[in-house]
Amino acid sequence: ITLPHEHFFYDSSSRFVEPIDDQEKAYAYQPVTLDNVGWVAKNWINSRDNLVIDDESVAITEAKLFKDIGGGTIVDVTNVGQPRNPDGLCRIARATGLDIVMGAGYYFGYFHPAGMDQRTEDDIAQEIVADLTVGVGDTGIKAGLIGEVGFSTPFDPNELKSLRASVAAQQECGVALSIHPGPGPESPFQIIDMLEEAGADLSRVVMGHIERSSLDMDGILQVASRGCYVEFDWFGTLNPAYPYGPVDVPSDSVRIKQIRKLIREGYLNQVLVSHDVCFKMRLACYGGPGYAHISKYVVHWMEEMGITPGEIEVLTKTNPQKMLAIV
Numbered sequence: 243i244t245l246p247h248e249h250f251f252y253d254s255s256s257r258f259v260e261p262i263d264d265q266e267k268a269y270a271y272q273p274v275t276l277d278n279v280g281w282v283a284k285n286w287i288n289s290r291d292n293l294v295i296d297d298e299s300v301a302i303t304e305a306k307l308f309k310d311i312g313g314g315t316i317v318d319v320t321n322v323g324q325p326r327n328p329d330g331l332c333r334i335a336r337a338t339g340l341d342i343v344m345g346a347g348y349y350f351g352y353f354h355p356a357g358m359d360q361r362t363e364d365d366i367a368q369e370i371v372a373d374l375t376v377g378v379g380d381t382g383i384k385a386g387l388i389g390e391v392g393f394s395t396p397f398d399p400n401e402l403k404s405l406r407a408s409v410a411a412q413q414e415c416g417v418a419l420s421i422h423p424g425p426g427p428e429s430p431f432q433i434i435d436m437l438e439e440a441g442a443d444l445s446r447v448v449m450g451h452i453e454r455s456s457l458d459m460d461g462i463l464q465v466a467s468r469g470c471y472v473e474f475d476w477f478g479t480l481n482p483a484y485p486y487g488p489v490d491v492p493s494d495s496v497r498i499k500q501i502r503k504l505i506r507e508g509y510l511n512q513v514l515v516s517h518d519v520c521f522k523m524r525l526a527c528y529g530g531p532g533y534a535h536i537s538k539y540v541v542h543w544m545e546e547m548g549i550t551p552g553e554i555e556v557l558t559k560t561n562p563q564k565m566l567a568i569v
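Per this note's numbering, the very first residue in the sequence shown carries number 243; after that it's consecutive.
It is worth saying that the hints were derived from the structure and are not from the lab. Hints should not be assumed to be uniformly reliable.
[To be verified] Subject to a maximum C-alpha distance of 20 Å in a straight line, what follows is the list of computed EDC-like cross-link-like pairs (lysine to aspartate or glutamate):
(1) Lys284 with Asp490
(2) Lys503 with Glu555
(3) Lys403 with Asp443
(4) Lys403 with Asp458
(5) Lys306 with Asp296
(6) Lys564 with Asp341
(7) Lys564 with Glu546
(8) Lys564 with Asp443
(9) Lys403 with Asp364
(10) Lys564 with Glu553
(11) Lys559 with Asp380
(12) Lys503 with Asp458
(13) Lys499 with Asp460
(14) Lys503 with Glu545
(15) Lys284 with Glu260
(16) Lys499 with Asp443
(17) Lys309 with Asp291
(18) Lys267 with Asp277
(19) Lys503 with Glu439
(20) Lys384 with Glu369
(21) Lys403 with Glu439
(22) Lys384 with Asp341
(23) Lys403 with Asp365
(24) Lys384 with Asp329
(25) Lys306 with Asp341
(26) Lys309 with Glu555
(27) Lys503 with Asp460
(28) Lys284 with Asp329
[What the hints assert, rightly or not] Derived DEER-like restraints, expressed as beta-carbon distance ranges:
(29) Ala372 with Asp297: 25 to 33 Å
(30) Asp460 with Asn511: 30 to 38 Å
(31) Gln563 with Ile262: 25 to 33 Å
(32) Ser299 with Ser495: 29 to 37 Å
Beta carbons are placed, not taken as given, at the ideal position from N, Cα and C, and that holds for glycine.
Whole structure, please, built from the sequences with the hints as guidance.
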């Protein structure tokens with residue numbers, strides 16, 4: 243099984259929001275534990291510790307849970323603007339026996355490094371190409387896809403520059419391009435329009451976080467009709483209080499029903515599934531889904547809900563492996 247959208251290293255602590263309520267401020271600065279993770283799950287942006295995963299030994303333990311149940315590959319879409327760690331990823335791969343694929347390109351504007359205004363599209367494109375063909379910095383460790391390329395709502399001008407540079411790098415290197423859309427149902431369609439205008443191969447584009455886009459089933463089908471992958475990458479997670487406004491994040495059962503509908507409408511080969519482990523509350527050691535949730539539970543639920551073993555094989559193995567191929 244291949245997980246196309248995960249993180250082993252992630253730092254969103256700069257987005258921490260201190261609670262107004264004095265009683266809850268005490269929780270905000272506590273380390274995440276099994277005693278307080280229930281509060282954290284409902285107030286995840288108000289827990290500073292929750293917003294960082296950076297412990298290599300924990301990552302190895304968590305990744306082994308996936309390996310031990312038959313997992314094969316994890317794609318870490320941490321890229322520029324986040325604590326991308328090529329050497330750490332190699333150590334995790336060696337310690338677990340997993341194949342790990344590293345991302346390239348730029349996350350959304352909030353995380354862009356200083357000097358992004360002065361950089362040209364060509365500067366960014368050539369940096370991405372170098373990450374894919376030579377290696378990140380002086381590590382010699384190469385990325386295997388572009389992403390997750392991030393967007394805000396409304397778009398930041400530098401995000402549009404990043405997108406066009408990513409398309410240019412895709413055209414040169416023949417790799418997939420994974421998208422983090424901005425909040426709101428219009429964002430995926432606006433991004434697809436811009437990708438198409440820039441000359442992207444939409445069959446190699448992954449539209450991530452589809453379940454937090456506020457799209458109904460017809461909207462999800464419309465995204466798929468444009469030819470890109472539709473990625474359900476929050477399996478095991480239900481956040482009723484999304485910090486950017488009311489978003490009806492579905493349960494795993496609803497996700498599976500939506501995937502079943504996509505399959506029945508002819509889009510089996512365009513669906514991807516993952517967990518997007520990026521906060522402590524999503525790690526198994528804190529009671530979250532971890533990296534093994536799909537392998538251990540979801541595949542069985544899919545079969546119980548009418549998705550055939552052959553279709554599950556395509557969703558969890560064939561599709562992500564095809565997506566990762568260099569063409």
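Exercise. Between Lys564 and Glu553, does the CA-CA distance stay at or below 20 Å?
Worked result: holds, 15 Å
For this session: Assess, step by step, whether the Cα of Lys403 is no farther than 20 Å from the Cα of Asp443, and give holds or violated.
Result: Holds. Lys403 to Asp443 sits at ~17 Å (cutoff 20 Å).
Exercise. Holds or violated: Lys309 with Asp291, Cα cutoff 20 Å?
Worked result: Cα-Cα ~27 Å, so violated.
Problem set entry | 20 Å limit on alpha-carbon distance, applied to hinted pair Lys309 and Glu555 | holds, 17 Å
Problem set entry | Status of the given 29 to 37 Å range, CB of Ser495 versus CB of Ser299 | Taking Cβ atoms as reference, Ser299 and Ser495 lie about 34 Å apart, which means the hint holds.
For this session: Sort out whether Asp460 lies within 20 Å of Lys503, counting only the CA atoms.
Result: Measuring from Cα to Cα gives roughly 10 Å; hence the hint holds.
For this session: With a cut-off of 20 Å on the C-alpha distance, tell me whether Lys403 and Asp365 pass.
Result: Cα-Cα ~10 Å, so holds.
Exercise. Taken at face value, is the distance from the CA of Glu439 to the CA of Lys403 at most 20 Å?
Worked result: holds, 13 Å
Exercise. Taken at face value, is the distance from the CA of Asp341 to the CA of Lys384 at most 20 Å?
Worked result: OK: Lys384 and Asp341 at ~13 Å, within 20 Å.
Problem set entry | Proposed proximity, Glu545 with Lys503 (alpha carbon, max 20 Å) | holds, 14 Å
Exercise. For the pair Ala372 and Asp297, does the Cβ-Cβ distance stay inside 25 to 33 Å?
Worked result: holds, 29 Å
For this session: For the pair supplied as a hint, Lys384 and Glu369, confirm whether the alpha-carbon distance does not exceed 20 Å.
Result: holds, 12 Å
Checked against the numbered hints given earlier, this structure breaks hints 4, 7, 11, 16, 17, 19, 28, 30 and 31; the rest are met.
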